[in-house]
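Assemble the whole structure, with the sequences as input and the hints as a guide.
Protein chains in written order, with the UniProt record's numbering: chain A, 1 to 472; chain B, 1 to 472; chain C, 1 to 472.
Because the hints were derived from the structure by calculation, they are not lab data. Idealized CB from N, CA, C, for every residue including glycine. Incorrect hints may appear among the rest.
As a list, the in silico SDA-like pairs of lysine to any residue whose alpha-carbon atoms are at most 20 Å apart [unchecked claim]:
| hint | chain 1 | residue 1 | chain 2 | residue 2 |
| --- | --- | --- | --- | --- |
| 1 | B | K82 | A | K51 |
| 2 | A | K51 | A | Q199 |
| 3 | A | K233 | C | P440 |
| 4 | B | K100 | B | Q199 |
| 5 | A | K441 | B | I258 |
| 6 | B | K233 | A | I438 |
| 7 | A | K233 | C | N449 |
| 8 | C | K82 | B | N244 |
| 9 | C | K233 | B | P440 |
| 10 | B | K51 | B | Q199 |
One-sided and incomplete, this derived list gives chain C residues near chain A with beta-carbon spacing under 10 Å [to be verified]:
| hint | residue |
| --- | --- |
| 11 | H63 |
| 12 | T408 |
| 13 | E430 |
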Amino acid sequence: MARVSSLLSFSLTLLIFFDGYAAQQGQEGQQFPNECQLDQLNALEPSHVLKSEAGRIEVWDHHAPQLRCSGVSFARYIIESKGLYLPSFFNTAKLSFVAKGRGLMGKVIPGCAETFQDSSEFQPRFEGQGERQRFRDMHQKVEHIRSGDTIATTPGVAQWFYNDGQQPLVIVSVFDLASHQNQLDRNPRPFYLAGNNPQGQVWLQGREQQPQKNIFNGFGPEVIAQALKIDLKTAQQLQNQEDNRGNIVRVEGPFGVIRPPLRGQRPQEEEKEEGRHGRHGNGLEETICSARSTDNLDDPSRADVYKPQLGYISTLNSYDLPILRFIRLSALRGSIRQNAMVLPQWNANANAILYVTDGEAQIQIVNDNGNRVFDGQVTQGQLIAIPQGFSVVKRATSNRFQWVEFKTNANAQINTLAGRTSVLRGLPLEVITNGFQISPKEARRVKFNTLETTLTHSSGPASYERPRVAEA
Amino acid sequence: MARVSSLLSFSLTLLIFFDGYAAQQGQEGQQFPNECQLDQLNALEPSHVLKSEAGRIEVWDHHAPQLRCSGVSFARYIIESKGLYLPSFFNTAKLSFVAKGRGLMGKVIPGCAETFQDSSEFQPRFEGQGERQRFRDMHQKVEHIRSGDTIATTPGVAQWFYNDGQQPLVIVSVFDLASHQNQLDRNPRPFYLAGNNPQGQVWLQGREQQPQKNIFNGFGPEVIAQALKIDLKTAQQLQNQEDNRGNIVRVEGPFGVIRPPLRGQRPQEEEKEEGRHGRHGNGLEETICSARSTDNLDDPSRADVYKPQLGYISTLNSYDLPILRFIRLSALRGSIRQNAMVLPQWNANANAILYVTDGEAQIQIVNDNGNRVFDGQVTQGQLIAIPQGFSVVKRATSNRFQWVEFKTNANAQINTLAGRTSVLRGLPLEVITNGFQISPKEARRVKFNTLETTLTHSSGPASYERPRVAEA
Amino acid sequence: MARVSSLLSFSLTLLIFFDGYAAQQGQEGQQFPNECQLDQLNALEPSHVLKSEAGRIEVWDHHAPQLRCSGVSFARYIIESKGLYLPSFFNTAKLSFVAKGRGLMGKVIPGCAETFQDSSEFQPRFEGQGERQRFRDMHQKVEHIRSGDTIATTPGVAQWFYNDGQQPLVIVSVFDLASHQNQLDRNPRPFYLAGNNPQGQVWLQGREQQPQKNIFNGFGPEVIAQALKIDLKTAQQLQNQEDNRGNIVRVEGPFGVIRPPLRGQRPQEEEKEEGRHGRHGNGLEETICSARSTDNLDDPSRADVYKPQLGYISTLNSYDLPILRFIRLSALRGSIRQNAMVLPQWNANANAILYVTDGEAQIQIVNDNGNRVFDGQVTQGQLIAIPQGFSVVKRATSNRFQWVEFKTNANAQINTLAGRTSVLRGLPLEVITNGFQISPKEARRVKFNTLETTLTHSSGPASYERPRVAEA
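Here you go:
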């Protein structure tokens with residue numbers, strides 16, 4: 001009888017387990033999707049690290065509720081000095097931000113010309129082994145990148161990075177899984193042209209993990225040999241089957257790619273030239289080849305909001321960088337000093353992914369239920385999502401707090417809760433007095449006391465009676 | 001042994017339960033989503049009522065199959081005389097229709113100027129308590145609204161309403177959950193700037209229901225005090241924690257907002273002025289601030305179809321109101337007399353949500369299988385969805401039947417089954433004779449007898465031999 | 001005790017079964033959708049055949065993993081000589097390709113005029129039975145179609161086909177379920193104006209299969225009689241309830257629709273005339289009525305790539321046919337000779353659905369993991385999906401291999417792995433030497449040996465040392 005009882009309890013357990021599963025389904029958005037029912041947010045750190053010979057790729061778990069709700073995934077690339085991130089492409093649009101260091105970057109856009117040539121008398125033929133030294137290279141555009149650069153990449157476009165500095169080159173990227181630019185499911189999928197990933201796509205579920213190989217590896221070597229008109233041995237080398245260096249490899253010796261002079265002076269003429277060479281006959285607009293896809297957000301002289309004592313904020317949207325219209329993403333760069341506060345605000349038409357590049361801040365986030373779903377410190381290297389409509393306030397708690405926000409709209413709009421352009425300013429006094437049951441006198445303070453638009457001191461006196469003169 | 005048997009039956013029950021669950025999953029669109037496999041539609045009434053001090057909000061269950069298929073949610077706002085619907089915003093685009101009454105409406109659009117000032121010498125500073133009477137207010141645009149007004153609202157934009165009439169002000173709103181304007185999940189989420197919802201978001205699933213508070217409530221009071229430069233006590237008052245009035249509150253005394261003169265004469269000059277003040281530096285186009293977002297559909301002189309004996313139909317699409325292109329919604333207003341019929345038609349590229357504002361009608365709806373999935377009466381206050389491709393015919397059964405249809409496309413196209421611009425008219429006679437196995441003579445009647453385009457009498461003689469002269 | 005043990009084992013089975021179900025859910029994309037985790041592709045054949053009096057409709061199972069991932073469904077229409085595919089419309093945008101034969105096609109676009117009239121003195125009234133012979137027809141545009149024609153159809157627009165040739169007319173169509181043009185769920189749903197489908201919508205799940213009837217069948221006959229102003233008997237005939245001919249019926253005698261002269265000379269004047277008659281007052285742009293929606297991809301003189309010894313490739317995107325921008329689809333037609341190879345490539349921003357119209361080819365497809373997920377023969381009548389980012393190489397293995405690819409982007413971009421405009425050409429030599437651990441000499445061969453852009457011989461010598469002169 002004891003056994004029967006235990007069986008009974010076993011079956012009951014089963015029932016409970018099943019019930020639990022069904023309940024979880026409801027919560028997890030199976031019955032009716034509700035992945036944005038977020039009662040708690042967390043500062044997120046990477047969940048997977050892919051190690052390579054000369055760096056590592058750190059991947060955030062895009063199944064984390066706040067990232068699922070936001071429809072994005074996120075990764076950080078740490079490329080050591082002399083490290084080369086080998087060309088790969090994604091099924092999604094991508095927006096990247098150079099958090100540290102400097103380097104070179106190249107993208108290969110289908111059908112565009114090799115506009116970088118190291119000699120005007122370039123002849124792409126060999127005339128025997130003895131004359132090999134006369135050979136010159138030609139390839140598509142190579143750009144210098146440096147801290148603050150924000151780089152838009154369309155799906156299916158191969159991109160590589162090289163760290164030609166002394167410090168690690170750190171790049172963070174957001175991948176828009178929810179946009180129709182991604183025509184696969186809601187998973188980020190890198191496709192490797194070279195290199196590999198011995199650990200496999202650990203961020204995917206339901207696939208038995210195998211090492212991830214490059215594309216050539218999947219074709220028969222004789223196909224590669226025929227397609228590239230090379231011998232079978234070289235074709236097999238392209239498959240890199242014995243290679244375990246990962247996707248960031250160390251370059252020995254000089255990295256002799258053709259590159260423009262360092263910035264300060266944009267090479268305008270070369271860009272124009274590209275335009276003329278553009279179209280190669282596969283349905284691309286001429287302008288794609290010369291479209292600018294990079295801008296720097298770290299130049300305070302171009303800031304949208306700048307207050308010497310408090311900090312600055314710069315935004316990059318599709319008015320600045322038209323390709324963003326196409327990839328449906330935009331970015332904001334912020335840098336504030338100790339005790340500066342970014343006035344409370346919400347994103348009207350976008351989700352935001354905030355990544356801390358330096359320092360730390362105290363952040364509060366409020367959801368649709370009026371609950372504080374985050375109240376804590378975020379520090380360098382952490383990420384937090386701020387879903388559409390959720391209000392957020394940021395106060396620097398270190399000497400300098402610097403961050404980048406990626407937004408899932410080419411023209412993300414914010415609404416502020418306080419300040420000269422805030423929602424309270426736009427409301428009639430009567431709405432405020434009746435809504436909050438306060439006197440007209442109090443309502444006037446609520447509405448007019450703060451004259452700044454975006455940044456203010458957070459350590460001021462706790463009580464104000466009069467409006468102050470606007471600072472910015 | 002009896003126990004063992006009962007255990008067996010229990011386990012079998014469990015298995016059946018589990019099987020039933022799996023089967024339901026199939027039906028409910030879990031395995032492969034098929035939420036539009038609709039074999040029966042129903043005239044829907046609100047499932048939740050949120051009571052407030054001066055009115056109530058009635059919410060339809062957006063999980064009802066026909067609303068899930070249509071990708072929208074729906075609510076009705078009943079605001080009593082002197083009632084103020086406090087400012088709130090949504091994660092979705094919204095299209096509203098004023099079904100009854102009149103009032104005032106304000107929206108606060110991020111970054112736009114306070115163009116309503118009650119004196120040209122406005123000085124936003126106080127010069128001591130004694131001079132308070134010289135103080136003037138300034139705020140964003142306030143509009144008169146009245147029955148028939150159709151109002152587009154973008155996500156994240158706070159909106160308020162005030163009933164300055166004697167009768168209840170009734171507004172119905174559709175929320176587009178399926179558009180990419182909504183970047184959260186497929187649930188409508190109001191965010192309250194002021195006011196609250198003591199009953200909680202009862203339309204959400206999987207969240208333990210808590211009273212819904214305003215946004216200020218979620219921040220620490222010291223954060224609010226610092227952001228608004230007010231004292232802590234006022235900050236706490238903004239959190240409204242003791243307030244149980246809901247989101248529609250009663251205004252005691254006059255509601256002295258600055259407002260334009262009543263319509264008849266549109267205040268063109270003010271609108272122009274707004275345009276010039278527009279941009280305030282947060283990435284908005286100047287035109288957003290002055291973009292028209294309201295139009296009235298109750299003026300028969302502007303009707304698209306007008307027949308004195310039968311009624312009229314007016315549509316509002318993005319050619320009339322360009323902001324609709326952005327929010328991907330449009331509207332149709334209809335008003336027909338007893339026994340008038342709207343000729344059978346289908347929506348080519350949109351789902352439609354039909355809400356009855358007055359009277360009643362007999363409606364038949366036919367799905368993709370050729371089955372009649374609705375055949376019944378719809379009466380004032382009821383709603384029915386007409387999914388893309390489903391054909392519908394409406395016949396007034398009361399003295400006057402009036403309705404509004406919200407469509408999930410900025411330029412919804414209809415195709416009629418009968419009439420001068422119908423699909424049958426566009427088909428060659430041979431297709432009709434062969435398709436329906438009827439004689440050329442019958443085919444000609446089918447094709448040419450009805451000369452109206454949209455509205456006809458439904459009580460005419462049952463047999464016609466000849467085409468009649470077109471009426472409209 | 002034996003029974004108790006068996007019970008235990010039974011319960012364990014249950015647990016395993018449940019576990020299996022949960023695991024399958026993970027795989028099938030329930031927990032987190034991952035329908036594009038494709039480790040194996042297959043050449044697909046139709047899963048359902050709907051037989052009609054004068055032809056048949058063959059439907060592919062759109063739940064097949066590769067089609068679910070691609071977000072499309074697919075069907076083949078085989079219309080016998082004198083067969084008429086009766087007018088029906090879909091909830092999705094559709095792109096069709098005429099694989100064999102020739103015929104007539106008509107679409108009825110809402111609100112557009114009947115621009116085809118068989119006499120300029122047309123009077124749409126009858127003047128008594130005796131004069132009926134003077135009656136003329138008028139209807140919307142009728143077009144000749146022939147092998148190679150690619151036809152765009154918007155949702156909700158009724159379309160018919162007639163085979164006026166001697167051979168079967170074969171049309172294949174892709175339906176874009178994932179685009180927002182489809183506002184229902186991800187199932188293709190035909191709506192029949194005439195005809196029927198006695199077998200029911202066998203491709204749908206979770207609905208008890210019933211014969212599918214035409215739209216008129218769903219309305220009450222008295223409604224139809226009143227709407228069309230016909231007698232009840234004719235109304236009942238429109239419901240076709242006794243009809244079992246299916247949706248492709250045989251036309252006895254001549255099919256006397258008004259049609260333009262056969263092509264060679266496009267009837268430019270008539271098209272212009274349509275433009276002027278366009279708008280009929282239901283919110284359509286004038287241009288919709290005269291918008292071209294058909295182009296022929298079988299004319300080698302208009303090919304994008306043409307090599308007499310190898311074959312040709314033609315693309316049709318929204319630059320060629322602007323309506324494609326609206327329906328978010330494009331097409332590619334290929335025709336290659338024995339042993340010609342289409343150089344390996346991937347789709348940057350689209351999924352592709354490849355359908356073989358003639359001959360056979362050896363195809364290899366490589367996924368994001370670098371695995372070969374397809375390596376086999378595809379033959380006439382088969383279909384295979386090539387998801388975004390997956391690389392593919394095609395080699396003809398019959399005298400001539402001809403195919404059509406439908407792509408889920410109005411301007412699908414490809415990237416090639418080999419050839420003069422390939423990604424390898426765009427990469428600096430240093431990236432290639434470091435990425436593949438090959439010598440600069442080998443890297444130059446890899447980069448420069450193949451001078452063709454798209455097509456090459458696949459039977460050339462296995463080893464090449466020098467680049468050859470470009471052929472195309």
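Hint-by-hint comparison with the structure:
Pair hint K82(B) plus K51(A) does not hold up; C-alpha atoms about 66 Å apart against a cutoff of 20 Å. Between K51(A) and Q199(A) the alpha-carbon distance is near 8 Å, which keeps this suggested pair within the 20 Å criterion. For a cut-off of 20 Å, the pair hint linking K233(A) to P440(C) stands: about 15 Å separates their Cα positions. Restraint check for K100(B) and Q199(B): not satisfied, since their Cα atoms lie roughly 26 Å apart, outside the 20 Å limit.
Distance hint between K441(A) and I258(B) is fulfilled; the C-alpha atoms sit about 18 Å from each other, no more than 20 Å. Between K233(B) and I438(A), the direct Cα distance comes to roughly 11 Å. Compliance with the 20 Å bound is thereby established for this hinted pair. A threshold of 20 Å between alpha carbons decides the hint, and for K233(A) with N449(C) the separation of about 15 Å falls inside it, so the pair holds. At most 20 Å may separate the alpha-carbon atoms for a hinted pair to count; K82(C) and N244(B) exceed this at roughly 74 Å.
For the suggested pair K233(C) and P440(B), the alpha carbons sit about 15 Å apart, so the restraint of at most 20 Å is met. Proximity of K51(B) to Q199(B) is assessed by CA-CA distance (about 8 Å); at most 20 Å being required, the pair is judged to hold. The beta carbon of H63(C) is not positioned within 10 Å of any beta carbon in chain A (closest approach about 15 Å), and the interface hint is therefore violated. Interface hint at T408(C): satisfied, since its Cβ lies 6 Å from the closest Cβ of chain A, which is below the 10 Å cut-off.
Using the Cβ-Cβ criterion of 10 Å, the hint placing E430(C) at the interface with chain A is satisfied: the shortest such distance is roughly 5 Å.
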